[in-house]
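Residue numbers (this note's numbering), protein chains in the order written: chain A, 20 to 371; chain B, 14 to 304; chain C, 72 to 405.
Bear in mind the hints are in silico, worked out from the structure with no lab data behind them.
Just so you know, not all the hints are guaranteed correct.
Taking lysine to aspartate or glutamate pairs in the EDC-like style, the calculated list, with each CA pair at most 20 Å apart, reads [to be verified]: (1) LYS110/A / ASP281/A; (2) LYS110/A / GLU22/A; (3) LYS203/B / ASP201/C; (4) LYS72/A / ASP94/A; (5) LYS53/A / ASP242/A; (6) LYS144/A / GLU101/A; (7) LYS72/A / ASP29/A; (8) LYS101/C / GLU347/A; (9) LYS165/A / GLU130/A; (10) LYS97/A / GLU150/A; (11) LYS165/A / GLU352/C; (12) LYS127/A / GLU150/A; (13) LYS72/A / ASP50/A; (14) LYS145/A / GLU134/A; (15) LYS165/A / ASP153/A; (16) LYS251/C / ASP150/C; (17) LYS203/B / ASP150/C; (18) LYS145/C / GLU94/C; (19) LYS127/A / GLU101/A; (20) LYS203/B / ASP190/C; (21) LYS203/B / GLU212/C; (22) LYS166/C / GLU202/C; (23) LYS130/B / ASP79/B; (24) LYS203/B / GLU352/C; (25) LYS187/C / ASP298/B; (26) LYS203/B / GLU94/C; (27) LYS165/A / GLU191/A; (28) LYS128/B / GLU160/C.
The structure displayed is predicted, hence computed values, not measured ones.
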Amino acid sequence: MAEVQLSVRDLTVRFPTERGVVEAVNGVTFDLEKGQTLGIVGESGSGKSVTAKTLMNLLPRTAEIDGEVTFEGEDVRKIAAEGRQHFWGVKMTMVFQDPMTSLNPVKKCGEQIAETLRYHMGRDKKTALAEAVDLLGQVGIPEPAKRVDQYPHELSGGLRQRVVIAMALACEPSLLIADEPTTAVDVTVQKHLLDLLDRLRRERHMSMILITHDLGVARGRCDDVAVMYAGRIVERAQTETLFSDSRHPYADALLRSIPRIDQPSHTRLEPIPGRPPELINSPVQCAYAPRCRYAQPDCLDSIPAVQGVMGTHEFACHHPANTDRGREALAANVAAGRNAAGLEVIGYAGGN
Amino acid sequence: MSATITPDAIDDEVAGAVQKTLGIAFWVAIAWIVIISLAALLAPVLPIKDPHAIATGPPRVGPSMDNLFGTDALGRDVFSRTIWGARISLAVGFLGIFLGVVVGGALGIVAGYFKGKIDQVVSFGFFTLLSFPALVLALLITASLNRSLLTVAMTLGILGIAPIGRLARASTLVFAEREFVQASRVIGAKNGRIIIRELLPNVLIPMGALTLLGMGISIVAEGSLAFLGLSVEGEAISWGKSIVDGSQTRDLDNNPHVAMFPIFAMFLTVMALNFAGDRIREYTDVKETAF
Amino acid sequence: MAGSGQAPLRDDPNVLLSIADLEIEFPVGKGEVVHAVSGISFDVAEGETLGIVGESGCGKSTVARSIIRLNSIKSGSVDYQGHNLASLEGEPLRKIRPDLQMIFQDPISSLNPRRKIRDVISEGLAVWGDEHGAWSQDRIEELMVAVGIDPKFGARRPHQFSGGQCQRIGIARALALDPKVLICDEPVSALDVSVQAQILNLLQDMKERYGLTVLFISHDLSVVKNVSDRIIVMYLGKACEIGSAEELYARPRHPYTRALLASIPEPAPTVDVSEGDIAGELPSPINPPTGCRFNTRCGHTTDICFTDEPMMQRVGDADHYLACHHPVEIAVSV
Chain A
20 MAEVQLSVRD LTVRFPTERG VVEAVNGVTF DLEKGQTLGI VGESGSGKSV TAKTLMNLLP
80 RTAEIDGEVT FEGEDVRKIA AEGRQHFWGV KMTMVFQDPM TSLNPVKKCG EQIAETLRYH
140 MGRDKKTALA EAVDLLGQVG IPEPAKRVDQ YPHELSGGLR QRVVIAMALA CEPSLLIADE
200 PTTAVDVTVQ KHLLDLLDRL RRERHMSMIL ITHDLGVARG RCDDVAVMYA GRIVERAQTE
260 TLFSDSRHPY ADALLRSIPR IDQPSHTRLE PIPGRPPELI NSPVQCAYAP RCRYAQPDCL
320 DSIPAVQGVM GTHEFACHHP ANTDRGREAL AANVAAGRNA AGLEVIGYAG GN
Chain B
14 MSATITPDAI DDEVAGAVQK TLGIAFWVAI AWIVIISLAA LLAPVLPIKD PHAIATGPPR
74 VGPSMDNLFG TDALGRDVFS RTIWGARISL AVGFLGIFLG VVVGGALGIV AGYFKGKIDQ
134 VVSFGFFTLL SFPALVLALL ITASLNRSLL TVAMTLGILG IAPIGRLARA STLVFAEREF
194 VQASRVIGAK NGRIIIRELL PNVLIPMGAL TLLGMGISIV AEGSLAFLGL SVEGEAISWG
254 KSIVDGSQTR DLDNNPHVAM FPIFAMFLTV MALNFAGDRI REYTDVKETA F
Chain C
72 MAGSGQAPLR DDPNVLLSIA DLEIEFPVGK GEVVHAVSGI SFDVAEGETL GIVGESGCGK
132 STVARSIIRL NSIKSGSVDY QGHNLASLEG EPLRKIRPDL QMIFQDPISS LNPRRKIRDV
192 ISEGLAVWGD EHGAWSQDRI EELMVAVGID PKFGARRPHQ FSGGQCQRIG IARALALDPK
252 VLICDEPVSA LDVSVQAQIL NLLQDMKERY GLTVLFISHD LSVVKNVSDR IIVMYLGKAC
312 EIGSAEELYA RPRHPYTRAL LASIPEPAPT VDVSEGDIAG ELPSPINPPT GCRFNTRCGH
372 TTDICFTDEP MMQRVGDADH YLACHHPVEI AVSV
């Protein structure tokens with residue numbers, strides 16, 4: 020059992036807004052082992068990006084944060100409060116979806132990487148620039164000596180993202196958080212970028228948190244996957260377990276709703292009805308219950324506690340899918356024609 | 014049989030827009046604008062002194078029971094002159110900006126929508142107007158015509174065409190690229206309908222707020238013209254002229270009230286217009302998405 | 072890839088829309104031009120769903136928008152029921168518009184933020200006289216229900232709805248004119264994963280219910296396979312491969328098609344993952360490569376690929392057309 024590198028306990032993030040307090044992240048708990056890749060999957064509003072930004076201390080001042088975050092034995096929130104300078108960007112770094120938000124359009128690419136090296140690692144100008152060229156080569160940019168003098172707009176989207184990765188890895192972090200790093204690029208470029216991240220991760224013995232809405236990406240590149248919904252982790256499992264034997268009805272429903280390349284043309288998809296809930300003044304119930312085919316009255320009464328084996332397969336559900344209890348609940352709903360929240364429920368094609 | 018759950022079955026209530034209020038300060042500003050406009054409109058029938066009558070009281074005397082705002086060098090009642098001055102100042106403000114919005118707005122929208130040659134011509138026109146020193150233009154117009162209310166308003170209006178027109182054009186350029194305009198074209202709407210139904214509400218509503226701000230600018234501009242002797246001629250009273258009247262050095266030292274009251278009136282009105290315009294702009298700034 | 076080459080045009084009486092040798096260019100200043108689409112030919116039969124798939128810069132959206140003349144066309148023909156849409160102008164063009172409607176990529180941006188959604192949906196009817204084809208102003212509520220929007224929300228404005236709901240409104244707007252052809256330009260790309268399925272199902276339902284012929288543009292290979300009967304794969308303004316959905320995904324023969332299928336996060340079982348390792352960057356559409364446009368990145372090139380454009384040719388008897396000098400051979404049992 021490898022050592023735990025990152026430990027998050029009961030992380031809660033609230034934002035006061037005009038309409039009320041938004042609970043963007045609600046009691047998120049997980050561990051990350053050294054060298055592990057954790058995928059965090061969720062749709063908009065699930066809280067995955069906010070979680071990442073909390074780890075990176077990138078939230079606005081108005082955010083109210085509770086809970087503990089421990090990285091390599093240190094209390095991250097304390098580091099933030101102290102205003103320590105050489106932690107983020109050095110030990111823990113992040114890559115974002117849009118490279119243009121990380122890159123300064125009026126500075127040359129090489130200079131932006133060199134800047135990181137000078138600031139965090141104290142390199143002198145010449146060495147920093149030389150290292151920048153080397154890094155550009157490591158991330159697979161052809162003719163790095165030429166690219167070093169180019170501005171971001173002179174590069175394609177894929178190359179820009181590589182520059183951003185080079186910047187993130189310049190100071191040899193032990194944890195890389197990638198928030199939808201390939202969402203904005205084409206599929207062939209996506210493959211190259213994800214291959215690159217895989218390679219760099221292995222070479223540098225880095226752990227990675229990969230945030231994505233694309234289940235396929237999570238499946239192919241992560242050791243473990245955590246599924247988030249309405250600010251909570253509703254299920255976490257080793258990748259293959261999640262994809263073949265999920266427990267949380269949301270994870271299950273999500274898998275059924277996406278078109279797959281191995282399905283024949285015109286396969287009827289199973290959409291999840293409705294929309295994710297508002298995160299303001301959420302009632303004390305399972306947030307997914309209104310859309311859940313398995314929902315029973317107790318789902319509307321209390322928030323399900325996390326059960327299962329931490330680090331192997333955890334989920335928070337009163338009537339989990341692929342269990343007897345769940346199957347009973349589903350059968351009852353199909354018979355009644357509706358779930359406990361009044362949602363119409365019909366049997367799926369092909370049973371279950 | 015596969016699940017065909019009606020997708021919106023569980024949505025009772027679509028997320029409503031944020032309930033924005035205009036705020037109490039906004040209504041205070043509107044109240045002032047209404048009061049001063051009504052006063053201006055009803056000036057002839059209000060129980061106030063004749064603004065032209067001299068010696069309604071001892072000259073250069075401050076506020077008293079007889080003369081609420083005091084008297085000027087000729088003993089004329091400042092209170093009455095301030096109210097009468099509102100007539101011209103507000104009229105100039107309104108007419109001036111009206112011309113700018115209607116002409117400038119129309120030209121700008123047409124230029125931004127059709128682009129190409131039309132845009133080149135209109136933009137060149139704007140460019141020329143903007144290059145003209147405002148004062149020279151005012152002088153030219155008032156020298157060649159007269160200095161009636163209409164002429165002064167027209168001068169200010171012409172000066173407003175280019176800045177407002179450019180704003181309208183820029184706004185139109187942005188909106189004309191939006192997919193909902195393309196959607197209208199795909200449906201088969203003609204250009205006229207697209208401009209009126211799709212572009213105008215989007216371009217003009219934010220501009221409407223700027224109209225109020227523009228009125229404020231026009232009112233102050235009239236004051237500047239008055240200082241150059243280019244405001245309405247003859248006996249006609251405007252705030253600008255009243256301020257000029259009361260701004261002889263001797264008067265400013267000894268009886269500043271003659272200038273101060275019209276100054277306050279102008280100040281409060283312009284501030285109210287600015288504030289109201291700003292609040293409307295914020296209020297009508299439609300959020301692009303609730304999520 | 073097929074510069075000219077009308078081989079894919081089928082001799083079928085059911086063909087509704089036939090595009091031949093379509094070329095589209097955009098000027099980009101300094102006298103230069105982007106060759107967005109360079110000689111593509113294909114047809115769509117009535118009731119068919121044709122998917123057009125490719126990466127950014129391939130020209131798929133441009134093709135779709137050109138059919139309904141949101142772009143100008145340099146040369147080529149767009150034949151719809153005897154009319155050449157590429158050469159129509161003014162009133163004759165406008166009169167045909169109701170037959171060919173479009174769903175846009177950004178659902179929220181495709182609706183006028185200042186109009187009530189009921190007005191947005193019925194705009195087409197308002198333009199064409201309150202009645203057109205099967206729909207009329209008094210039946211708008213029915214249409215709203217059909218797409219899953221509660222009519223009682225008709226007076227609300229787009230920003231009060233979610234992305235998925237806005238897309239439904241866009242679909243209702245397109246359907247209000249009772250069109251024959253529905254062009255969908257990346258209709259689900261901007262939506263959450265769980266909402267995508269709702270909209271895809273809805274489009275399928277609407278297609279069946281109202282007898283539509285659909286053009287579906289997307290970069291997502293799984294989505295395209297799900298909705299399409301036939302698919303065109305495009306690269307840098309050219310068509311690489313055309314065929315029925317099953318055929319194309321089971322027996323892809325163009326190296327680019329294979330690269331795409333190998334690159335998706337869960338690669339298609341019919342290709343090897345390594346085929347996705349195509350080198351290099353997308354060439355500039357201002358100066359595209361001579362010969363086959365894929366030659367800068369393909370692993371199978373020979374001299375001819377740099378001099379001669381490959382023409383579209385049929386593969387055997389199947390509904391499968393290909394523009395390549397060295398199509399990849401397929402083992403018999405796949």
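Verification of the supplied hints:
Straight-line distance between C-alpha atoms of LYS110/A and ASP281/A comes to about 41 Å, which puts the hinted pair past the 20 Å bound. Annotation: proposed proximity of LYS110/A to GLU22/A holds, straight-line Cα distance about 16 Å (limit 20 Å). Distance hint between LYS203/B and ASP201/C is fulfilled; the C-alpha atoms sit about 16 Å from each other, no more than 20 Å. Only pairs whose Cα atoms come within 20 Å are accepted, and LYS72/A paired with ASP94/A is accepted, the gap being roughly 16 Å.
A hinted pair counts as satisfied when its Cα atoms are at most 20 Å apart, and LYS53/A with ASP242/A qualifies at roughly 12 Å. Note on LYS144/A and GLU101/A: the hinted pairing is violated, with a Cα-Cα distance of about 29 Å set against a maximum of 20 Å. Only pairs whose Cα atoms come within 20 Å are accepted, and LYS72/A paired with ASP29/A is accepted, the gap being roughly 16 Å. A C-alpha spacing of about 70 Å is found between LYS101/C and GLU347/A, which places the hinted pair above 20 Å, so the restraint is violated.
Pair hint LYS165/A plus GLU130/A holds up; C-alpha atoms about 13 Å apart against a cutoff of 20 Å. Pair hint LYS97/A plus GLU150/A does not hold up; C-alpha atoms about 32 Å apart against a cutoff of 20 Å. Between the alpha carbons of LYS165/A and GLU352/C the distance comes to roughly 16 Å, so the proposed pair stays at or under 20 Å and holds. Pair hint LYS127/A plus GLU150/A holds up; C-alpha atoms about 15 Å apart against a cutoff of 20 Å.
Taken as a hint, the LYS72/A and ASP50/A pair is honoured in the structure, with Cα atoms around 17 Å apart against an allowance of 20 Å. Taking the CA atoms of LYS145/A and GLU134/A, the gap is near 11 Å; set against the 20 Å cutoff, the hint holds. Between the alpha carbons of LYS165/A and ASP153/A the distance comes to roughly 12 Å, so the proposed pair stays at or under 20 Å and holds. In summary, the hint linking LYS251/C to ASP150/C is supported, as the alpha carbons are separated by about 14 Å, within the 20 Å threshold.
Of the pairs offered as hints, the one joining LYS203/B and ASP150/C is violated, with about 23 Å between alpha carbons and a cut-off of 20 Å exceeded. Of the pairs offered as hints, the one joining LYS145/C and GLU94/C holds, with about 5 Å between alpha carbons and a cut-off of 20 Å not exceeded. Of the supplied pair hints, the one linking LYS127/A and GLU101/A is violated, its CA atoms being roughly 32 Å apart against a limit of 20 Å. This hinted pair checks out: LYS203/B and ASP190/C have alpha carbons roughly 17 Å apart, not beyond 20 Å.
Taking the CA atoms of LYS203/B and GLU212/C, the gap is near 25 Å; set against the 20 Å cutoff, the hint is violated. Between LYS166/C and GLU202/C the CA atoms are separated by roughly 14 Å; this keeps the pair inside 20 Å, and the hint holds. At most 20 Å may separate the alpha-carbon atoms for a hinted pair to count; LYS130/B and ASP79/B exceed this at roughly 64 Å. About 42 Å separates the Cα atoms of LYS203/B and GLU352/C, which puts this hinted pair outside 20 Å; it is violated.
Of the supplied pair hints, the one linking LYS187/C and ASP298/B holds, its CA atoms being roughly 16 Å apart against a limit of 20 Å. At roughly 27 Å between alpha-carbon atoms, LYS203/B and GLU94/C are farther apart than 20 Å, so this suggested pair is violated. Restraint check for LYS165/A and GLU191/A: not satisfied, since their Cα atoms lie roughly 24 Å apart, outside the 20 Å limit. Simply put, LYS128/B and GLU160/C have alpha-carbon atoms about 19 Å apart, close enough for the 20 Å limit, and the pair holds.
This entry does not satisfy hints 1, 6, 8, 10, 17, 19, 21, 23, 24, 26, 27, going by the numbered hints stated previously.
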